[in-house]
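Use the sequences and the hints to build the structure in full.
So the protein lines, in turn, are chains A and B. Counting from 1, position 156 in the first sequence corresponds to residue 156 in the working numbering; the numbering is continuous, with no gaps. Counting from 1, position 171 in the second sequence corresponds to residue 1171 in the working numbering; the numbering is continuous, with no gaps.
Bear in mind the hints are in silico, worked out from the structure with no lab data behind them. Note that CB positions come from ideal geometry on N, CA and C, so glycine has one too.
Far from chain A, some chain B residues (derived; all Cβ distances over 10 angstroms): (1) Ser1077; (2) Val1081; (3) Met1094; (4) Ser1163; (5) Gln1165; (6) Glu1166; (7) Met1167; (8) Ala1170; (9) Arg1171; (10) Glu1198; (11) Arg1200; (12) Glu1201.
The calculated DSS-like cross-link candidates involving lysine-lysine, where the alpha carbons are at most 30 angstroms apart (straight line), are: (13) Lys142(A) <-> Lys185(A); (14) Lys1175(B) <-> Lys77(A); (15) Lys141(A) <-> Lys77(A); (16) Lys1175(B) <-> Lys22(A); (17) Lys142(A) <-> Lys77(A); (18) Lys69(A) <-> Lys1175(B); (19) Lys94(A) <-> Lys77(A); (20) Lys141(A) <-> Lys185(A); (21) Lys142(A) <-> Lys94(A).
Among chain A residues calculated to face chain B with C-beta under 7 angstroms, some are: (22) Val31; (23) His32; (24) Ser35; (25) Tyr39; (26) Tyr43; (27) Gln57; (28) Phe60; (29) Phe61; (30) Ile128; (31) His129; (32) Leu132; (33) Val152; (34) Leu182; (35) Arg183; (36) Leu186; (37) Gly187.
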Amino acid sequence: MRTERVLAGELLLSGMATAERKQDELLEDLVHQHSRLVYRIAYAALRSHHDAEDATQETFFRALRFRSKLAAVADHKSWLARIAWRVAVERSRKICRKREVSLDDPENPLPMISAESSADDAIQGFEIHARLEGWIARLPKKLREPLILSTVEEMSPREVAATLGISQAAVRSRVFRARQVLREKLGEQAGDRS
Amino acid sequence: MAKGVGEEHGRNERRESWQAAPPQIERDALDRELDAALANYAAVEPRSGLEQRVLANLEARRDHAPVGIGWRWLLASALTVVVLVLGLSLSSRMRKPQSAKAIDPRSEHAARSAQMGNLASHPQLPAPHRASVKAAAHRPRNSTALATAVPRLQQFPSPRPLSEQEMLLARYVAKYPEHAALIAEARAETLRRDAAEELREATSEPDVQP
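Structural data, given as structure tokens:
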């Protein structure tokens, strides 16, 4: 009688151990497959290697917390991308590095490129990169978020839409508008150079 | 002077119209420039060994991580319910011999009256015993009052929503029917054996005569 009770309990426990082992293996696979994507998403939002790595770690900690539900997740990539984005946004709010300001913020004038530098130098060099960072940071949040997620090469418009919780059409139109703004800025800069 | 102002104004207008609608070649060049800049913006690689660091930290955290509302809660709830069921079955088995004597409230009252009468007719009984019998006769029967206050239902036990633990157990059974079946078989077998043992003891045990 007692043996059977113990046997039933052991069966229950062994089932539990098997399920936990499977969850751990699945989580490990996710780390191998998507840690780079998670890192890039985090970096796109935080613009700092240190913060991006911390956010990557936090993303997988959250996945670990919900490992019992991993098997039920249909699209692990989108799921992780959403978590990574949320973690990065929360972290960036904490850091207060990103501030939503208007494009023509008089308190934060954009740095000017010297007229002497050539166009090629400007594209390849540090200055254009810094300016682009500034322009993107000054984009309205509505345009900035789809744009920076769309720059992550592993992200399709569908995944960007799923991450932000908006439609694919909205993603495309917002990215288009953001690019328009940036193109105008580049055009102005080219005009100033010439 | 007027001509000079007019020329200046015309130049400004041309510049504005050029800025408003840049030609196709210019737009393509800007697009290429922008694409290159955005590619550069997003071109970032993590430091080497990111996966290993993440896995090592996960390993360290795993032991302390709460597993949502998963297995541990389910197991704890299942065990609690099993213990409850065992307790209930044992207590009902112990009550059975008592319940065989059906208690009719009227007969109980008659018995009490008779007892009181006996008490009156037997003054030789010790005082404490008499007092306890009197107290028993006059003790308010709260349980009966409570039982009558609750309306009698058609079905017993009365239907009520499943408790949280019962729902968890039901979910467990739905998710792992094999385990549940094994446990149920083991439990049924245990009950059968217990009943057989009791029966054997009851038949083999000699009646104890006073």
